[in-house]
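Please put together the full structure from these sequences, using the hints given.
Residue numbers (the numbering used here), protein chains in the order written: chain L, 54 to 153; chain R, 54 to 153; chain Y, 54 to 153; chain S, 2 to 323; chain X, 2 to 323; chain B, 2 to 323.
It is worth saying that the hints were derived from the structure and are not from the lab. Check the hints yourself; a few may be wrong.
Said to hold, decoys possible - To be clear about the criterion: a stretch of chain B counts as covered by chain X if any three or more of its residues have a C-beta under 8 Å from a C-beta of chain X, and this derived list gives those stretches:
1. 15-26
2. 30-39
3. 206-212
Stated by the list, open to error - Per label pair, the in silico range of CB-to-CB distance:
4. Y:107 x S:61: 38 to 46 Å
5. S:32 x L:54: 35 to 43 Å
6. R:72 x Y:55: 40 to 48 Å
7. S:319 x B:126: 49 to 57 Å
8. S:69 x L:79: 52 to 60 Å
9. R:143 x Y:80: 28 to 36 Å
10. Y:128 x X:162: 21 to 29 Å
11. B:123 x X:162: 43 to 51 Å
12. S:123 x Y:68: 43 to 51 Å
13. S:32 x Y:107: 53 to 61 Å
14. X:228 x Y:128: 52 to 60 Å
15. B:156 x L:79: 24 to 32 Å
16. R:72 x X:223: 13 to 21 Å
17. R:72 x X:94: 35 to 43 Å
From the three backbone atoms N, C-alpha and C, an ideal C-beta is built for every residue, glycine too.
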Amino acid sequence: MRTVPLKRVTIIAEAVLEERLLDDLRELGARGYTITEARGEATRGVRASEWEGKSVKIETLVSPEVAERLLERLAARYFEHYAVVGYLETVEVVRGSRFA
Amino acid sequence: MRTVPLKRVTIIAEAVLEERLLDDLRELGARGYTITEARGEATRGVRASEWEGKSVKIETLVSPEVAERLLERLAARYFEHYAVVGYLETVEVVRGSRFA
Amino acid sequence: MRTVPLKRVTIIAEAVLEERLLDDLRELGARGYTITEARGEATRGVRASEWEGKSVKIETLVSPEVAERLLERLAARYFEHYAVVGYLETVEVVRGSRFA
Amino acid sequence: MDALELARANLLSPMVLAFALGLAATLLKSDLKLPDALYDALSVYLLLAIGLKGGAELSVTPLRALLGPALATLALGVGIPLWCYAILRRLGRFGVADAAALAAHYGSVSAVTFIACLGFLDKAGVAYEGFMPALVALLEAPAIVVALGLARLAVPREGGWGEVLHELLTGKSIVLLAGGLLIGWVSGKPGVAAVAPLFVDLFKGALVLFLLEMGLITARRFRDLARVGPFLLAFAVVLPVLHGLLGVVLGRVAGLSLGGATVLAVLAASSSYIAAPAAVRIALPEANPSLYLTASLAVTFPFNLALGLPLYYQLARAVYGG
Amino acid sequence: MDALELARANLLSPMVLAFALGLAATLLKSDLKLPDALYDALSVYLLLAIGLKGGAELSVTPLRALLGPALATLALGVGIPLWCYAILRRLGRFGVADAAALAAHYGSVSAVTFIACLGFLDKAGVAYEGFMPALVALLEAPAIVVALGLARLAVPREGGWGEVLHELLTGKSIVLLAGGLLIGWVSGKPGVAAVAPLFVDLFKGALVLFLLEMGLITARRFRDLARVGPFLLAFAVVLPVLHGLLGVVLGRVAGLSLGGATVLAVLAASSSYIAAPAAVRIALPEANPSLYLTASLAVTFPFNLALGLPLYYQLARAVYGG
Amino acid sequence: MDALELARANLLSPMVLAFALGLAATLLKSDLKLPDALYDALSVYLLLAIGLKGGAELSVTPLRALLGPALATLALGVGIPLWCYAILRRLGRFGVADAAALAAHYGSVSAVTFIACLGFLDKAGVAYEGFMPALVALLEAPAIVVALGLARLAVPREGGWGEVLHELLTGKSIVLLAGGLLIGWVSGKPGVAAVAPLFVDLFKGALVLFLLEMGLITARRFRDLARVGPFLLAFAVVLPVLHGLLGVVLGRVAGLSLGGATVLAVLAASSSYIAAPAAVRIALPEANPSLYLTASLAVTFPFNLALGLPLYYQLARAVYGG
Ligand SMILES: Nc1ncnc2c1ncn2[C@@H]1O[C@H](COP(=O)(O)O)[C@@H](O)[C@H]1O
Ligand SMILES: Nc1ncnc2c1ncn2[C@@H]1O[C@H](COP(=O)(O)O)[C@@H](O)[C@H]1O
Ligand SMILES: Nc1ncnc2c1ncn2[C@@H]1O[C@H](COP(=O)(O)O)[C@@H](O)[C@H]1O
Ligand code: NA
Ligand code: NA
Ligand code: NA
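What follows is the structure in structure tokens.
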């Protein structure tokens, strides 16, 4: 089976940010995303215990360039004031050329 | 801690396909799976916006051979008409020999 | 964007274990975690079909040392009697130094 | 009440207004949403409730009174998909899959339109046969089977009927309706009386909440209206009216009361938005969901709810010379 | 009504029929399922409702009237796990963990069986003491503690009692029952009257929905019946009957009315399927869940619901010479 | 009833006791939790229900009777955030963002406190104007706009008002309240009567369940009480009392009845815990949520519920010379 290596970017954020993050994804070139409801805590940090509410986990398969832009956006817009975690991995995607 | 490298195959699909995909998993030799409810969109594609409904995310830890067969099955049976995404990664599994 | 390579440890377990696993995480040095509700089956195993209940999926970004300790804890305390799966991957985390 | 008066009363009922509120909330991009679990719980409740009430009525009805109406219902379930398919293929130039998918939807039935009809008749003070819920259960599946059969005749495909039939007959709505009918029938009026505070008294209020959610969902479909095209838009309004008329006539022939014939008209005119989409998505994956979902949910359902109910009742009054 | 008549009326009540519908739906592989949140919400509701009603009764009951029944209840909570454990070890040849786990389940109590019993008695027109819900709260924990204690005597293990006791005493069902009792007791009959439309009038209907879901869950356990073995199958039917008889006798000794003794019999005969499984899974992980869950949920619960209720009532009538 | 008697009756009502049960369950680390979907469903229900009832009343009220009370409400919505901001900045030495965030919360309104107030007055047998729910809808947004405006005056920031205003005006609680009012108004008393078994009769019971969940949530905030500091603790009790007094006086000036003035007092005294936190989190992310959430939810809400309601009623009696 031919697969294409892509970046999977995962963003965990307070639910109140969902709409804005999806706008960012669209603007920066992501071709799709998947959301699951989550709950979590940053056990030693301050933030998460203060703003209690649901979290969302947003995953998107994107090209390395889009991944880079997404992480930059996270750092620029959200890290200062919000409870947001972002990370990326390389995954092998079937029919992956659709997404890059 | 000794771990075994295995493939983690992730399938995101419209919920209506859940039973069929699980049948495929069993038939092709997966020894277990985990399902989470998800929602998503393919922001530029056509499909996902048409068939609005819940999605499921199915994850299974399998040997590389089973992973290969699973991806082939996805391509053969579902890609044409359904909103399905599939990808794989290598993960290090504790007690992993159970699954391969 | 500068990222830090970290381990993402995923634990899938029967829901009844949630509190204990989170205690383990805190004790062993994880700085945060994210939980999603899941359901699953070990299709050929015995355990999961016996104890029917919800599962939780716990994910935590940690240093390699903490990851190692977590997996050891899983093996020591839970594998014998409980339906628990654990695996790890390397991911690239933004602002990752917070977690290690 | 005269015709206009009834139409006005229907439009200004809490049930139709709640639907409109749901539409408005989505169109205004409000963050209002009802939990999925509430929607699921309400649909279980509504189906079980109409089953129970219908069953309690059945327990005091001679079963042969059901025969004529049941045959009329089956005739509708078989006939409607046949001509819908032909019209959509010939006049509408739709492909096999899309035509069959739409035929399945318009031949099957919308339980919530049925329920709204009961509310409408109750308010208008019009009596109807208590066993009508049994006809809903009867009408749900046949049209879907006929439509899928038409698609297979046109384009043979592998795979048996087993899975499709099983899913249809054990689908949630049939199980709840038929189960409720059985429970109501076996435990009788006194049995149902014990649970009436939940299953009877709260019924209309629950319908208001349900229609609020239906409004939210329907409005999300509106953005696809453009894709549906003028032919299908017209189809989604004209065919229900014709089916309504046919339902009234068949109801009269089958010996139903004026109210019962109105209900049968609504069953015929309504189009499925739960059982048919699920079955069609599995059995006819190449059919385009944005066609059948949008026509059924975003056009026919609101039309029936807002205008169809009083219209079919007027048709029945005309036919019954009432 | 005579014995057979009562048994028939029980079997044909909406509540038992709803349970049967749930069983049938699962066995027919229907896709019917109730949202998890509905199940959780209904169990919160039912527990709080019986607490409130019991509490309002307590507010007009002299507390010393409770003393005898409370002692009888505690005696059952301590005694039942002792002989269950002995029987399972000696006669059944079960290991320590499995025997203790089962003893915990049969010594504790099933709130939903209790609730069904109240419905049964109401329908049969039999009065019972209003404070019975307090006995449910009292009976939930002791047997679990005794059974876990037996397991620790047999096979000493590290780890204190703290966590287990805390989880038992602050478990959801005890908190809701005891909390409801307190609220009902403090706010009294007028306080509870203000919320009666929700917590009293809807009670039976809610029970029907809950038993529908219980039927769905129970049937999923049926596939494990084979693993349970003939001894445990017999145990899961015979012991409840013996406990029912004992409950009647102790009820009489403790000065309960005929209806109250029937309720005590049901408490004794019922086996836990919420509090005990959760506690046992944590404290005795090596016990096999498919044994205790299947025996308690797939055998004893349906037996009590369908046949046990009228049977224990007959036993009470015999003992009371009624 | 005299003052103490009323305070006692309020504290011992099922509604306040259910809140206390929720607090106790969390503090005892019980595993009791209500499904999220139940909480969401109950809040949809409660908002829609008060809208419907208020709307039905509006349909028989001359609209000009609303003018005075509406102006009084708007005056509160504009004034309260102004002086709250000034006090918090000057006396409390809070930063711009935190002061504005708190001002938004105390100027806006808590629907559940309002609902509890209606329950209190009903029980005390005190009549109030039926259109009060309209004032809740009116009071929700203005204070938040004013407070965010103050923050922008102090520290100009980019980004328009568009998104914030849109989110405020289409927020779930305003849509449900205003939508319910419209539905009730258009369909009138007979329309609402048809759905009264759900939306009126069950209201108090639903409030008990909702307050149980509020208790669970509130207690989780208690751990942050220490971070809030003595100034804010005092602010969270003293300002509501002053706002309550002001509400009574304005109510009298605006021509409300004694009961209506009590309700207006409660509106003024209550602080938002849904609309304001969501708006502030987006528009003022640098404000510390543990300050505004804890003050509003863990101090002011319980204070108003347990002590404020009878207190504001006494104030109204004093002012009205009743
Ligand atoms: N080390 C971690 N591993 C996994 N998830 C985390 C971790 N730290 C934080 N999170 C998640 O990210 C959210 C926000 O974290 P923070 O920005 O640190 O407050 C939390 O609610 C968790 O769901
Ligand atoms: N680029 C993507 N990244 C992550 N998930 C995606 C992506 N594209 C699609 N999905 C998910 O896959 C489902 C089906 O997508 P599609 O087959 O493209 O219509 C969507 O509902 C999303 O949940
Ligand atoms: N091969 C697998 N891949 C993914 N998840 C699995 C796999 N096997 C088991 N699981 C998950 O782990 C849980 C416990 O499995 P077990 O310990 O094998 O009974 C199951 O309920 C599944 O959710
Ligand atoms: Na139809
Ligand atoms: Na027992
Ligand atoms: Na206020």
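Status of each hint after checking the structure:
1. 15-26: Holds: 6 residues of the region 15-26 of chain B have a Cβ under 8 Å from chain X.
2. 30-39: As far as the region 30-39 of chain B goes, the hint holds, because 10 residues have Cβ atoms under 8 Å from chain X.
3. 206-212: holds (count 4)
4. Y:107 x S:61: 38 to 46 Å: holds, 44 Å
5. S:32 x L:54: 35 to 43 Å: holds, 41 Å
6. R:72 x Y:55: 40 to 48 Å: Roughly 45 Å apart at Cβ, these two residues keep to the hinted range, so it holds.
7. S:319 x B:126: 49 to 57 Å: About 53 Å separates the Cβ atoms of residue 319 of chain S and residue 126 of chain B, which means 49 to 57 Å holds.
8. S:69 x L:79: 52 to 60 Å: About 57 Å separates the Cβ atoms of residue 69 of chain S and residue 79 of chain L, which means 52 to 60 Å holds.
9. R:143 x Y:80: 28 to 36 Å: holds, 29 Å
10. Y:128 x X:162: 21 to 29 Å: holds, 27 Å
11. B:123 x X:162: 43 to 51 Å: holds, 48 Å
12. S:123 x Y:68: 43 to 51 Å: holds, 45 Å
13. S:32 x Y:107: 53 to 61 Å: Given range 53 to 61 Å: violated, Cβ gap about 28 Å.
14. X:228 x Y:128: 52 to 60 Å: violated, 28 Å
15. B:156 x L:79: 24 to 32 Å: About 30 Å separates the Cβ atoms of residue 156 of chain B and residue 79 of chain L, which means 24 to 32 Å holds.
16. R:72 x X:223: 13 to 21 Å: holds, 20 Å
17. R:72 x X:94: 35 to 43 Å: holds, 40 Å
Of the numbered hints listed earlier, those contradicted by the structure are 13, 14.
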